[in-house]
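Asker: Spelled out, the chains give:
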Amino acid sequence: MRLPILLFALILLLGSCIKDAPANPEADIESFDVNPNMLTGQTFIDQANRKILLYLTNEAYKDGITPSISLSKHATVTPASGQKITFNDNKEITYTVTAEQSSNKKTYTVQVVNVGDWHFEFEKWLQNSVDKYEYPVEDNLTSIWTSGNAGVALSGVPKEVLAYPTRSTTDGYLGTKAAEMVTIKGTALSSIVGIYLYAGSLFIGNFNSAVVLTEPLAATEFGAPYVGLPDRFTGYYKYTPGPAYQDEHKNIIPDKIDECAIYAVLFEGPERLNGTNINTSDRIIATAKLNDASAKADFTKFDIPFTYKAGRTPATNKNLMLAIVASSSKDGDHYKGAIGSRLVVDHLAVIPK
Amino acid sequence: MHKYLLLATILLGLTTVTLAQENNGEDKNQKFDHTFYIGYNIGGLAPVSFPNTIRKINSYSPGPSPSFGYELNYKLQKKWGIGVGIRADWKSMNVQDSVQYFHTLVSVDGSSIEGDFSGTNTTKVRNVYLTVPIQATYFSSNNWRLKLGFYLAHLINPSFYGSVSNGYLRKANSLGEKIIIDNADFNFNDNQRTFDFGITAGAEKLVYKTFAVKADLQWGLNPVFPKSFNGISFNMYNIFGTLGIAYHFDK
Chain F
0 MRLPILLFAL ILLLGSCIKD APANPEADIE SFDVNPNMLT GQTFIDQANR
50 KILLYLTNEA YKDGITPSIS LSKHATVTPA SGQKITFNDN KEITYTVTAE
100 QSSNKKTYTV QVVNVGDWHF EFEKWLQNSV DKYEYPVEDN LTSIWTSGNA
150 GVALSGVPKE VLAYPTRSTT DGYLGTKAAE MVTIKGTALS SIVGIYLYAG
200 SLFIGNFNSA VVLTEPLAAT EFGAPYVGLP DRFTGYYKYT PGPAYQDEHK
250 NIIPDKIDEC AIYAVLFEGP ERLNGTNINT SDRIIATAKL NDASAKADFT
300 KFDIPFTYKA GRTPATNKNL MLAIVASSSK DGDHYKGAIG SRLVVDHLAV
350 IPK
Chain G
0 MHKYLLLATI LLGLTTVTLA QENNGEDKNQ KFDHTFYIGY NIGGLAPVSF
50 PNTIRKINSY SPGPSPSFGY ELNYKLQKKW GIGVGIRADW KSMNVQDSVQ
100 YFHTLVSVDG SSIEGDFSGT NTTKVRNVYL TVPIQATYFS SNNWRLKLGF
150 YLAHLINPSF YGSVSNGYLR KANSLGEKII IDNADFNFND NQRTFDFGIT
200 AGAEKLVYKT FAVKADLQWG LNPVFPKSFN GISFNMYNIF GTLGIAYHFD
250 K
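Residue numbers (numbering that gives the first Met the number 0), protein chains in the order written: chain F, 0 to 352; chain G, 0 to 250.
Hints listed in this document are in silico derivations from the structure and should not be mistaken for laboratory results.
Quick reminder that beta carbons are idealized off the backbone N, C-alpha and C, glycines included.
Hints may be right or wrong, so weigh each one.
To be verified - DSSO-like cross-link-like pairs, simulated, lysine-lysine; straight-line CA separation at most 27 angstroms:
| # | chain 1 | residue 1 | chain 2 | residue 2 |
| --- | --- | --- | --- | --- |
| 1 | G | LYS123 | F | LYS18 |
| 2 | F | LYS131 | F | LYS184 |
| 3 | G | LYS226 | G | LYS55 |
| 4 | F | LYS300 | F | LYS237 |
| 5 | F | LYS317 | F | LYS61 |
| 6 | F | LYS352 | F | LYS288 |
| 7 | F | LYS72 | G | LYS55 |
| 8 | G | LYS226 | F | LYS18 |
| 9 | F | LYS158 | G | LYS226 |
| 10 | F | LYS18 | G | LYS55 |
| 11 | G | LYS77 | G | LYS30 |
| 12 | F | LYS237 | F | LYS295 |
| 13 | F | LYS104 | F | LYS90 |
| 14 | F | LYS50 | F | LYS131 |
| 15 | F | LYS131 | F | LYS237 |
Claimed, not checked - Facing chain F, a subset of chain G residues (Cβ under 10 angstroms, in silico):
| # | residue |
| --- | --- |
| 16 | SER111 |
| 17 | ILE112 |
| 18 | GLY175 |
| 19 | ILE180 |
| 20 | ALA183 |
| 21 | ASN190 |
| 22 | THR193 |
What the hints assert, rightly or not - Coverage of chain F stretches by chain G, computed from C-beta distances (three or more under 8 angstroms per stretch; other residues unrestricted):
| # | segment |
| --- | --- |
| 23 | 149 to 157 |
| 24 | 199 to 212 |
| 25 | 247 to 257 |
| 26 | 323 to 333 |
Given these sequences and hints, build the entire structure.
Answerer: Written out as structure tokens, the structure reads:
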């Protein structure tokens, strides 16, 4: 009788030996703090594409900045936190983080984002190195626009451009490329968490994938610093709604036809708006929204004046921000729409007053 | 592999029967011994040595784990015999542990997500196995019998599920972006192998007339998840002890 009990106790003893903790393999730049007086918009760290996006005042750009950097526990970085960096010589600035587990290294590229000219042609696209989705960049390779593709990547779609709802297309109005958004079916994995559809989306701002599972609407952070006041929002689009509209539970709603969304919102920064408050925030100053969101077989021009909220004149000392948002299903943020709905936009522009 | 083991079982079974037939003389009643038993399984589906990604076991309980069995022992000589049995085993456990950089790849119908999870893992196992133990039995003079052998088992009702919570996933690997996870469920029922085998050892003592108390151990040698499964990056084995009461016939 004693033997098997002893044996069993021995096994439990063997099994319950907790080993020493592994050295920390993480190599994140968790924050990149710059004196807020030198910023026109909040700094964003694009963890998926390893970029630090800075929105600097002219003075800060000229004089350089001295960021204070926080890292994953026990990680180190070069150049070090507190070391001054300057932008004069047009050299690419990178930070290399070495994890405690020193074979793990990660390199972040610093990008100074300056939306000088609010005309967007969507001619240049890059590909995420891990998940293979496309994202548009400006001629100087900075990221102004982003999409929900990084979130869709989490649902385990195939790692190829066309598996994602937002991508480039050669079916553009002018030039060689345009931005294409297609509402796609969810995956077997996403249906476990009750997501049956992903709308294509394209917006000015950033996608914060950290919160995409806990607070999906907060993952879309809208807006970039805007100087002056906008007068009109213009561009070209075409739209084909998908054949069957479904609600968030995958129930087909007969006779309901999907609509696209294209709009611009001017608001008080430097904190961005997100999917929870882009339509409702008190900080909104003006909006320009496409009203006719129905099917358009050919490229159709729109030219929408900004409607300023009554009595809402921005304080002069406030940083203004402007967001442009487009989606192939206007309720796609709540996982409603028609699979197959396709929106193409090209030559978006904001005309100042 | 398991085909050979099944073959071995059948051969051994046949041998037993043949031996039984050869000895169906006057002392038949003493050669054969039938035992019925019930018991309770305590153990776990566990790695033999904990990987360093498991940081702390927060809680463990055995769960509903009854065991019912029948065993036929045949005495080859005064002290030694051979035994074969059939038993139904509920091999259950509830465990909650803290993990760090726990590599996982979950795949459902062609969509998959891979990464390193850090946080709390809660696992519930409710597997039911039909088991055939084959053992050498030593009959000691003072009402003890000791057994050593191996077992073959078929998973008839797979159940392995749980959740991960209060943590984050590093997408793809430890350098990937951090995704905060409040709570996410998993279910690996059908990823488990249906065949298990291992070694078994046990002891039994008659305590009152034909009633005996018994204890045995089943140590699985076949990883419960096949190599092709990447949800858990280390091998896990069925390691269960059984405490029970036995009833001897033909004594």
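Asker: Please go over all the hints and tell whether each is borne out by the structure.
Answerer: Hint check results:
A hinted pair counts as satisfied when its Cα atoms are at most 27 angstroms apart, and G/LYS123 with F/LYS18 qualifies at roughly 23 angstroms. A threshold of 27 angstroms between alpha carbons decides the hint, and for F/LYS131 with F/LYS184 the separation of about 18 angstroms falls inside it, so the pair holds. A hinted pair counts as satisfied when its Cα atoms are at most 27 angstroms apart, and G/LYS226 with G/LYS55 qualifies at roughly 25 angstroms. Distance hint between F/LYS300 and F/LYS237 is fulfilled; the C-alpha atoms sit about 9 angstroms from each other, no more than 27 angstroms.
Between F/LYS317 and F/LYS61, the direct Cα distance comes to roughly 22 angstroms. Compliance with the 27 angstroms bound is thereby established for this hinted pair. Simply put, F/LYS352 and F/LYS288 have alpha-carbon atoms about 17 angstroms apart, close enough for the 27 angstroms limit, and the pair holds. Among the hinted pairs, F/LYS72 with G/LYS55 is consistent with the structure: their alpha-carbon atoms are about 20 angstroms apart, no more than 27 angstroms. Pair hint G/LYS226 plus F/LYS18 holds up; C-alpha atoms about 24 angstroms apart against a cutoff of 27 angstroms.
Using a Cα cut-off of 27 angstroms, the hinted pair F/LYS158 and G/LYS226 holds, with the two alpha carbons roughly 24 angstroms apart. The hinted pair formed by F/LYS18 and G/LYS55 meets the criterion: a straight-line CA distance of about 10 angstroms does not exceed 27 angstroms. A C-alpha spacing of about 9 angstroms is found between G/LYS77 and G/LYS30, which places the hinted pair at or below 27 angstroms, so the restraint holds. A C-alpha spacing of about 5 angstroms is found between F/LYS237 and F/LYS295, which places the hinted pair at or below 27 angstroms, so the restraint holds.
Using a Cα cut-off of 27 angstroms, the hinted pair F/LYS104 and F/LYS90 holds, with the two alpha carbons roughly 21 angstroms apart. Between F/LYS50 and F/LYS131, the direct Cα distance comes to roughly 16 angstroms. Compliance with the 27 angstroms bound is thereby established for this hinted pair. For the hint linking F/LYS131 to F/LYS237, the alpha-carbon distance of about 26 angstroms falls within 27 angstroms, and the restraint holds. At about 4 angstroms, the closest approach between the beta carbon of G/SER111 and any beta carbon in chain F falls short of 10 angstroms, and the interface hint on this residue holds.
At about 5 angstroms, the closest approach between the beta carbon of G/ILE112 and any beta carbon in chain F falls short of 10 angstroms, and the interface hint on this residue holds. At a threshold of 10 angstroms, the smallest CB-CB gap from G/GLY175 to chain F is about 7 angstroms, leaving the interface hint in force. Contact between G/ILE180 and chain F, as hinted, is supported at the beta carbon level, the nearest pair being about 6 angstroms apart and thus within 10 angstroms. Taken as an interface hint, G/ALA183 checks out: its beta carbon lies about 7 angstroms from the nearest beta carbon of chain F, inside 10 angstroms.
Given the 10 angstroms rule on beta carbons, the hint for G/ASN190 is violated: about 14 angstroms separates it from the nearest Cβ of chain F. Because the smallest distance between the Cβ of G/THR193 and any Cβ of chain F comes to about 23 angstroms, over 10 angstroms, the interface hint for this residue is violated. A stretch counts as covered by a chain when three or more of its residues have a beta carbon under 8 angstroms from one of that chain; for the segment 149 to 157 of chain F and chain G the count is 7, and the coverage holds. Counting residues of the segment 199 to 212 of chain F whose beta-carbon sits less than 8 angstroms from any beta-carbon of chain G gives 5, enough to reach three: the coverage restraint holds.
For a cut-off of 8 angstroms, the count of residues in the segment 247 to 257 of chain F with a CB near a CB of chain G stands at 0, and the three-residue condition is violated. Here's how the segment 323 to 333 of chain F fares: 0 of its residues keep a CB closer than 8 angstroms to some CB of chain G, so the rule of at least three is not met and the hint is violated.
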